[in-house]
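Novice: What follows is the residue order along each chain.
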Amino acid sequence: MTIAETGAPAAEVAVDLEEQRRARNQRVEKIGRWLLPVLVMAAAILLWDRIVVWNAIPKYILPGPFLVIQTLIQDAGILFPALLVTLEITLMALSVAVIGGAGLAILFTQNRWVEMSFYPFAVILQVTPVVSVAPLIFIYVSNRLVGLLLCAWLVAFFPVLSNTTLGLRSADHNLRDMFSIYGATRWQRLRYLQIPSALPYFLGGLRIAGGLSLIGAVVAEYVAGTGGIGSGLAFRILEAGYRLNIPRMFAALLLIAFTGVAIFAVLSFISHLLLHKWHESAVKRET
Amino acid sequence: MAVIRRAIQSLGQRPKVLEMARVDKTFNGNVVALQHMSLTVNEGDFISLLGPSGCGKSTALRLLAGLSHPTAGRILWEGAEATGDLSVVFQEPTLMPWATVAQNVWLPFRLRGQSYNSVKDEVLEVLRLVGLEKFLNAYPRELSGGMKMRVSIARALVTNPRLILMDEPFAALDEITRHKLNKDLLDLKAKIGCTIIFVTHSVFESVFLSDRVVVMAARPGRVIQEFPIDAPYPRGEAFRTSAEYAAHCRAASDALYQAMGEVA
Numbered sequence: 002m003t004i005a006e007t008g009a010p011a012a013e014v015a016v017d018l019e020e021q022r023r024a025r026n027q028r029v030e031k032i033g034r035w036l037l038p039v040l041v042m043a044a045a046i047l048l049w050d051r052i053v054v055w056n057a058i059p060k061y062i063l064p065g066p067f068l069v070i071q072t073l074i075q076d077a078g079i080l081f082p083a084l085l086v087t088l089e090i091t092l093m094a095l096s097v098a099v100i101g102g103a104g105l106a107i108l109f110t111q112n113r114w115v116e117m118s119f120y121p122f123a124v125i126l127q128v129t130p131v132v133s134v135a136p137l138i139f140i141y142v143s144n145r146l147v148g149l150l151l152c153a154w155l156v157a158f159f160p161v162l163s164n165t166t167l168g169l170r171s172a173d174h175n176l177r178d179m180f181s182i183y184g185a186t187r188w189q190r191l192r193y194l195q196i197p198s199a200l201p202y203f204l205g206g207l208r209i210a211g212g213l214s215l216i217g218a219v220v221a222e223y224v225a226g227t228g229g230i231g232s233g234l235a236f237r238i239l240e241a242g243y244r245l246n247i248p249r250m251f252a253a254l255l256l257i258a259f260t261g262v263a264i265f266a267v268l269s270f271i272s273h274l275l276l277h278k279w280h281e282s283a284v285k286r287e288t
Numbered sequence: 051m052a053v054i055r056r057a058i059q060s061l062g063q064r065p066k067v068l069e070m071a072r073v074d075k076t077f078n079g080n081v082v083a084l085q086h087m088s089l090t091v092n093e094g095d096f097i098s099l100l101g102p103s104g105c106g107k108s109t110a111l112r113l114l115a116g117l118s119h120p121t122a123g124r125i126l127w128e129g130a131e132a133t134g135d136l137s138v139v140f141q142e143p144t145l146m147p148w149a150t151v152a153q154n155v156w157l158p159f160r161l162r163g164q165s166y167n168s169v170k171d172e173v174l175e176v177l178r179l180v181g182l183e184k185f186l187n188a189y190p191r192e193l194s195g196g197m198k199m200r201v202s203i204a205r206a207l208v209t210n211p212r213l214i215l216m217d218e219p220f221a222a223l224d225e226i227t228r229h230k231l232n233k234d235l236l237d238l239k240a241k242i243g244c245t246i247i248f249v250t251h252s253v254f255e256s257v258f259l260s261d262r263v264v265v266m267a268a269r270p271g272r273v274i275q276e277f278p279i280d281a282p283y284p285r286g287e288a289f290r291t292s293a294e295y296a297a298h299c300r301a302a303s304d305a306l307y308q309a310m311g312e313v314a
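In the order they appear, the protein sequences are chains A and B. Just so you know, we're using my numbering here: the first sequence kicks off at 2 and counts up by one. Just so you know, we're using my numbering here: the second sequence kicks off at 51 and counts up by one.
Chain A extracted, bound-state conformation:
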């Protein structure tokens, strides 16, 4: 609805049956949106617990959910510092991916020759599985942190690069003409037209990159192996596996999953903050 059509609040009008039903459905849906996933999740956990108990599965094969949570609390002193290490690498990789990806995208759109020359490299880096490149990286890069960062970056930068490139190109043609007519400089065109046009695309890429940089960090740690000191969650999972400490593996896994969800939630929120005022994706239809 447009502002023009939003008049004074309508006086009490008779609400017909269809409207009443619609309002009721909306209320039910509002509650259901939260309640349903929670209920299903709870049921799944309960089922997991019952399967473990009824079949008397030993904890070194499949620990029950309550044991996992208990382990998480007991081993907090080991697991949370490890989480911090993984999180640190993830966030650093994400930052570098954003700067590198968006920076390259801007460079690509400023100069077609640069894009033609270097885009194939970006694609090759993206399609080569990081698991297969990581061992080489750890041979050539002596600093373990830099190696981890490089692996995570390799996985995360491409969605930012390709989405931002697409976004920078998607500026409205008439607006581009308008900028030409008013004699806009290349910098003004980038700053006032291309970057705002690319923002929704960039944010879409960012959400993908957030999850990928966590995956990249974990995979890289796996490859880097257990030799290091001050290691992250993946190292703890490997270590617990060697010791047949399956509950701790599960606890670490749980932490990684929650971290992934948290990263996604934060990035979605940032995206909402930046777009909700103007972008179609954030507009709720009223009819």
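Here are the computed lysine to any residue pairs in the SDA-like style, where the Cα-Cα straight-line distance is at most 20 Å: (1) A:K278 with B:K184; (2) A:K278 with B:L186; (3) A:K278 with B:S194; (4) B:K239 with B:R178; (5) B:K184 with B:M146.
Calculated directly from the structure, the hints in this document are not laboratory data.
For chain A, the structure is supplied; the task is to place chain B on it using the hints.
Specialist: Below, chain B alone, put in the same frame as chain A:
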């Protein structure tokens, strides 16, 4: 007091703004988009380029705007061959969706390096002229189609350009809104005396608005007739129903269909 109000002088005394002299535009070396187009624009003119699609009217507009260059012939702005001070209103409102109404109208100044505060009065005044002073901080998606077009017109007016080019600005609007905007555009023009070239494929719109109609034909795009609409301004709804209006419309239609008949 920001928007310059120019008194419209009577025909014949108006200074020349620009001149197109036998302009050709050929694409890819063989598609003739425009052939031998000549047009003189005087200050205060309201000229309609009327024709079917493919007649080169949008090509002519792009040439005038300096967005493309003639294959042959010359476009002279007050005697010089450089593109002059102008603004364009496109068929779509062409607003930046991420910017508010005020920021959109500020754009031409912003690109000249002028801060919002230094041109705030101009922005407010021009928005008042188009009746949108209350929507300063609204985003384009909150506005109706007609209101968006008003913002687009405000942005074109805010710099007091020597010439305003309009490329079928009301074609996508419903008829009621279109009539209202036609009327408001004439009122605006009477107030500030701007010079307008208006591209349209509506006979009625061209006759109602302009003081000169240039009828164009397609394949190759060219001017086939140019005639004045000498009905006095201000023109209102009464003009729309007058015999004079009907006669002008018939003349324009005849010219148009004669031109279309050649290719059909």
